[in-house]
Amino acid sequence: MPKNKWMMGTLSLVAAVTLSACNTGDDMSDGSMDMDNANEESMSEDSGDMMNMDHSGSGEVPDGLQEAENPTFEVGSQAIIETDHMEGMKGAEATIVGAFDTTAYALTYTPTDGGEPVENHKWVIHEELENPGDAPLEPGAEATISADHMEGMDGATATIDSAEETTVYMVDFVPTTGGEEVTNHKWVTESELSPE
7 MPKNKWMMGT LSLVAAVTLS ACNTGDDMSD GSMDMDNANE ESMSEDSGDM MNMDHSGSGE
67 VPDGLQEAEN PTFEVGSQAI IETDHMEGMK GAEATIVGAF DTTAYALTYT PTDGGEPVEN
127 HKWVIHEELE NPGDAPLEPG AEATISADHM EGMDGATATI DSAEETTVYM VDFVPTTGGE
187 EVTNHKWVTE SELSPE
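The opening residue of the sequence shown carries number 7 in my numbering; numbering runs sequentially from there.
Calculated directly from the structure, the hints in this document are not laboratory data.
Some clues are possibly wrong.
[Stated by the list, open to error] Computed Cβ-Cβ distance ranges for the label pairs, DEER-style:
(1) Glu-187 / Glu-136: 15 to 21 angstroms
(2) Asn-137 / Gly-185: 36 to 42 angstroms
(3) Glu-186 / Glu-157: 18 to 24 angstroms
(4) Glu-157 / Gly-184: 22 to 28 angstroms
(5) Val-180 / Pro-145: 23 to 29 angstroms
(6) Asn-137 / Lys-96: 32 to 38 angstroms
(7) Val-81 / Glu-122: 35 to 41 angstroms
(8) Glu-187 / Gly-70: 24 to 30 angstroms
(9) Gly-120 / Ser-197: 32 to 38 angstroms
(10) Gly-146 / Gly-184: 38 to 44 angstroms
[To be verified] EDC-like, lysine to aspartate or glutamate: derived pairs with alpha carbons at most 16 angstroms apart:
(11) Lys-96 / Glu-171
(12) Lys-96 / Glu-187
(13) Lys-96 / Asp-178
(14) Lys-96 / Glu-202
All residues carry an ideal CB built from backbone N, CA and C; glycine is no exception.
Starting from the given sequences, assemble the full structure and let the hints guide the process.
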């Protein structure tokens, strides 16, 4: 019996060393980088569980979303991010890619892929909800998400935690923790940015 335990221990150690050697950090795909950053960002109290967040986006915006006429931060300008939706975001210099007037929601939902509930996720905008009716939705209201900021988000039923009528910004930034530039990140609200 002790020989079997010793053998199992040795095999476990060999497997752990082998697996850790596979990820040296030199050749990380976007997917593995997203997972590493997502693990860190799950520590943020304000953002809830941010596992599997897609940091970079396509730049596409939902139908019906109106560009802001006189945004505080104009497209092409720079601003400092004052929030920590994800690791390396707070204090990063952002380039404004888009500015839109809408209602932004913090919400709680259970992912469609069976993951743990995500609490107080910031932000999903009114145009990213299925047939939401008139804005703003009241806290406690339920809605179906039609955005895929994170795996398991699209199609999930959400409970509205809070609503904020504001200008939301799509931004590009390089994380303060290093790594590749995040492009077309959705969304940062006007109150989460400060002048450079």
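Cross-check of the supplied hints:
no.	hint	verdict
1	Glu-187 / Glu-136: 15 to 21 angstroms	31 angstroms, violated
2	Asn-137 / Gly-185: 36 to 42 angstroms	38 angstroms, holds
3	Glu-186 / Glu-157: 18 to 24 angstroms	19 angstroms, holds
4	Glu-157 / Gly-184: 22 to 28 angstroms	24 angstroms, holds
5	Val-180 / Pro-145: 23 to 29 angstroms	35 angstroms, violated
6	Asn-137 / Lys-96: 32 to 38 angstroms	35 angstroms, holds
7	Val-81 / Glu-122: 35 to 41 angstroms	36 angstroms, holds
8	Glu-187 / Gly-70: 24 to 30 angstroms	29 angstroms, holds
9	Gly-120 / Ser-197: 32 to 38 angstroms	34 angstroms, holds
10	Gly-146 / Gly-184: 38 to 44 angstroms	40 angstroms, holds
11	Lys-96 / Glu-171	22 angstroms, violated
12	Lys-96 / Glu-187	14 angstroms, holds
13	Lys-96 / Asp-178	13 angstroms, holds
14	Lys-96 / Glu-202	13 angstroms, holds
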